[in-house]
Amino acid sequence: MLRVENLESGYGPMQVLWQPSLEVKKGTITSLLGPNGVGKSTLLRTVLGSVEPWGGEITYEEMNVTRLPTHKKVDMGITLVPEGKHLFVGMTVQENLIMGAYRKEALKHKDETLELVYSLFPVLKERGKQAAGSLSGGEQQMVTIGRALMTKPKLIMLDEPSQGLAPKLVGEVFETIEKLNTEIGLTILLVEQNAEACLKSADHVYIMHEGRIKAEGPADEIAESSDIREAYLGI
Amino acid sequence: MTGYVDFGYVAFMGVGTYGMALGITRLVHFKGLGIGLIIIGLCLAMVMSTLLALAVGAVALRLRGAYFAIATIGVNEGFRYLIEGAKIWNGSEGIIFMGQMNEAFGDEVASALSTFWADVLVVIIAALAAFVTLHYMRSKIGYALTALREDEDAAKVMGINVTKFKIIAFITSAIFAGLLGAAAWAIKTPYVFPPEVFEIHYTVEAIIIVLLGGAGTLLGPVVGGLIYGISKYFLAIILPGFQLLIFAPIIIIIIVLFPEGTIGMLKNRVRGTALERYIV
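Listed in order, the protein sequences are those of chains A and B. Going by the working numbering, the letters in the first sequence line up with residues 16 to 250, in that order. Going by the working numbering, the letters in the second sequence line up with residues 4 to 283, in that order.
Simulated from the structure, these hints should not be mistaken for laboratory data. Watch out, some of these pointers could steer you wrong.
Listed next, the stretches of chain A that the computed footprint assigns to chain B, with coverage defined by at least 3 CB atoms under 8 Å from CB atoms of chain B [as the list claims (entries may be wrong)]:
{"hint": "1", "stretch": "25 to 36"}
{"hint": "2", "stretch": "39 to 48"}
{"hint": "3", "stretch": "73 to 86"}
{"hint": "4", "stretch": "103 to 109"}
Here the structure is a predicted model, which is why all the values come from computation and not from measurement. Glycine is no exception: its CB is placed at the ideal position from the N, C-alpha and C atoms.
The task is simple: from the sequences and hints, build the whole structure.
What follows is the structure, encoded as C-alpha cells:
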C-alpha cells in the first residue's frame, strides 16, 4: 500500500534520513522501532509531506506521491497522529473530533464516522461536551486518534501513541490500535520506542538507527533474534 | 485569526495611503472621473497592499509564531527607507495633493471629502471588515483558521492547506489596512510623508487594542478600541504625557490575568448559555 524507497530529508542543513526504504502492506500493522532521535518521526512527517523530501520516492497505492502537498495526501487517505497530544485544548471533545472531518469527502461522512469513533471509544461520547484539555492523558490520546479517524483514512500513521502514558494505559492504546486494524481494516504504520509491546501487536517490523533501516522482518522473527534485540532495542 | 501577530501592519496602511495619493495625483488630469477618482484610489490602495502582502508573505509566512512577528517588524521600517532612499514616489518629500484634490473635485467637495466623507469611509470599511470576518468565521475558512491558530501541526494532518489559509488571512488583513490607510489618512489630511505613514506606533496601538478586546474574536477589537480610546483620552487629561507609561504596566497585567481579553473572558462565561451566539 505504501512504499518508501531511499528517502532522504532533514531540517535546514542537517540530513536526518539516510535513504531508508520500507513497505507497508495493505491490512497489516507495520512497526518502525528504534531509540530516540534516529529519524522515525521525520520519516512519518516526510511521508505525509509536512517535511519536504530531498530525494527518494514515496509510492502510495501504486501512485508516486513523493512531491504531493500534505492536504492532497490526506484526501487520498493517509493521515498521521502526531507525537505528543496535538489537541485543540480550548474546544470540546466533540468539536475536536468534528474538526478532523475537514476535507470534503470526510465531511460528507461526518456523522457515520463520529458514530464509529464513539463506538470505539465510548468514554469520548460521555465526555463529548467537556473541554479536551480537561481530559486525562489516555483520553486525550483517544481524541487525537479519533480525530485522525475522522479524516476517513485508509492508512494511519501513529507517532509514539504510548508516549507519556501510565503503563496500564499503554496496553489500552495498543489494544485500540489492534482494533483499528482488525475491526475497521485500517492499515497501520506505527512508530514506537516501546519495543516490547510493539513486537506483540505488529505484523512486520523495521528497525531504524541513525536515519537508516538496520534490520527488518516479521515481528515474531525479530522478537526471537537476540542479536537484534540487544543491538538496537536494548531488551 | 491565525494567531500570527503582524508587526508590519502599518506598512500596509502606508502603502494604502500611497495608493490613494498616487491615484489622485497621476489621474487628476483626466477630467470627468469625478468621484470615480476616489474609487480608483481605493482600488489602487487594495492592489498595492495585496502585492506587498504577497511579497512579504512569501517570505515571512514560512516562519512560525514569534519568528513571524520579528520578521514583520522590519517590513515597515524597510519599506519606509526604500521609499526615502530610492526616491520612489517623491522619496522623503512625500506627496502633498491638496491642490489636486481641489482641482479634481472643486474646493467645497474636496473639503467635505477630507472632513466628513473620510470618516464615513472609515466606518464603512470597518463594517465591511466585520462582515468579512463574520463570513470567514461562519465558513470553512474560519474552521481552518481556528485549527491553524490552535495547533498548526494538527491542522496539517487534518488535511488543511495551511499555507493557503495563512495567505488568505494575511492578504485580507493587508487589503483592509490599505483601505484604511487610503481613507483615514490619505483623503483626510491630504498628504503623505514616509516617516508619518510608516509609524510603527500605530501597529503597537492596534495590537494593544486587540489584546484588550480579545484576539480571534469579532467584537474584541471593537471593545478593545473603545476601552483604549476612552482611557487614553482621560489619561491624557488627568496625567498628560504619562499615558504610555501607565499603559505599559496595564498591558502586562492584562496579558497575565486575562490572556483572552475582555471578549474572550465573556465568551468563557457565557459558554453553553443562550448568549453564546451573540458573543463572537
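Against the structure, the hints come out as follows:
1. 25 to 36: violated (count 0)
2. 39 to 48: Not satisfied, violated; 0 residues make the cut.
3. 73 to 86: holds (count 3)
4. 103 to 109: With 4 residues close enough to chain B, the hint holds.
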